[in-house]
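*Asks:* Sequence:
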Amino acid sequence: MQLNSTEISELIKQRIAQFNVVSEAHNEGTIVSVSDGIIRVHGLADVMQGEMIALPGNRYAIALNLERDSVGAVVMGPYADLAEGMKVKMHRPYPGSSSRPRPAGPRG
Numbered sequence: 008m009q010l011n012s013t014e015i016s017e018l019i020k021q022r023i024a025q026f027n028v029v030s031e032a033h034n035e036g037t038i039v040s041v042s043d044g045i046i047r048v049h050g051l052a053d054v055m056q057g058e059m060i061a062l063p064g065n066r067y068a069i070a071l072n073l074e075r076d077s078v079g080a081v082v083m084g085p086y087a088d089l090a091e092g093m094k095v096k097m098h099r100p101y102p103g104s105s106s107r108p109r110p111a112g113p114r115g
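Oh and the sequence shown: position 45 is 52 in this note's numbering, straight run, nothing missing.
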């Protein structure tokens, strides 16, 4: 069976039309060190100071020390089972928001 160029073109167009792309954006990092309740995370480029970081085991850490290539965070709860290489994510209540409470200003 031989296909000519128009048949090949039509097959490619059909495949492209049926292709379903699902993308999900989330900021994920990797623990690079754990010491005395402090973790250092690589890969959380968009985290802000004071934001929550979701850890394995339904725990959280608070981002405090922001550096160019890593973030230092205080673990809120037990940390003995955390290890290098574990994945963590920024925790934001809804996309584009900060998990930090906003200070009350003169306008409310």
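Everything labelled a hint here was simulated from the structure, so no lab data went into it. A few of these clues could be false.
List of simulated lysine to any residue pairs, SDA-like, C-alpha gap at most 20 Å [to be verified]:
1. K96 with I45
2. K94 with L71
3. K94 with V81
Restraint-style ranges between C-beta atoms, simulated for each label pair [to be verified]:
4. H49 with Q9: 17 to 23 Å
5. I19 with D43: 53 to 59 Å
6. L71 with S16: 37 to 43 Å
7. A24 with A52: 49 to 55 Å
8. H49 with K20: 31 to 37 Å
9. A90 with L10: 51 to 57 Å
10. R22 with G64: 38 to 44 Å
11. H98 with S42: 18 to 24 Å
12. K20 with L73: 46 to 52 Å
Computed from a prediction, not measured in an experiment: that's the story for all the values here. C-beta atoms are modelled at their ideal positions from N, C-alpha and C, and glycine is treated no differently.
*Asks:* Give a verdict on every hint.
*Replies:* Hint check results:
A hinted pair counts as satisfied when its Cα atoms are at most 20 Å apart, and K96 with I45 qualifies at roughly 16 Å. A distance of roughly 18 Å separates the Cα atoms of K94 and L71; the hinted pair therefore holds under the 20 Å criterion. Restraint check: the Cα-Cα separation between K94 and V81 comes to about 16 Å, which is no more than 20 Å; the hinted pair holds. Range check, H49 to Q9: about 53 Å between beta-carbon atoms, so the 17 to 23 Å window is missed.
Checked against the hint of 53 to 59 Å, the C-beta distance between I19 and D43 comes to roughly 57 Å, which is consistent with it. The supplied range of 37 to 43 Å is broken by L71 and S16, whose beta-carbon atoms lie about 57 Å from each other. Between A24 and A52 the Cβ separation comes to about 35 Å, which falls outside the hinted range of 49 to 55 Å. For the pair H49 and K20, the beta carbons lie near 42 Å from each other, so the given range of 31 to 37 Å is not met.
Judged by the Cβ atoms, the range 51 to 57 Å given for A90 and L10 holds: they are separated by roughly 54 Å. Separation of R22 from G64 is about 42 Å and conforms to the stated range, judged on CB atoms against 38 to 44 Å. A C-beta distance of roughly 22 Å is found between H98 and S42, which places it inside the suggested range of 18 to 24 Å. For K20 and L73, the Cβ-Cβ distance of about 48 Å falls inside the hinted range of 46 to 52 Å, so the restraint holds.
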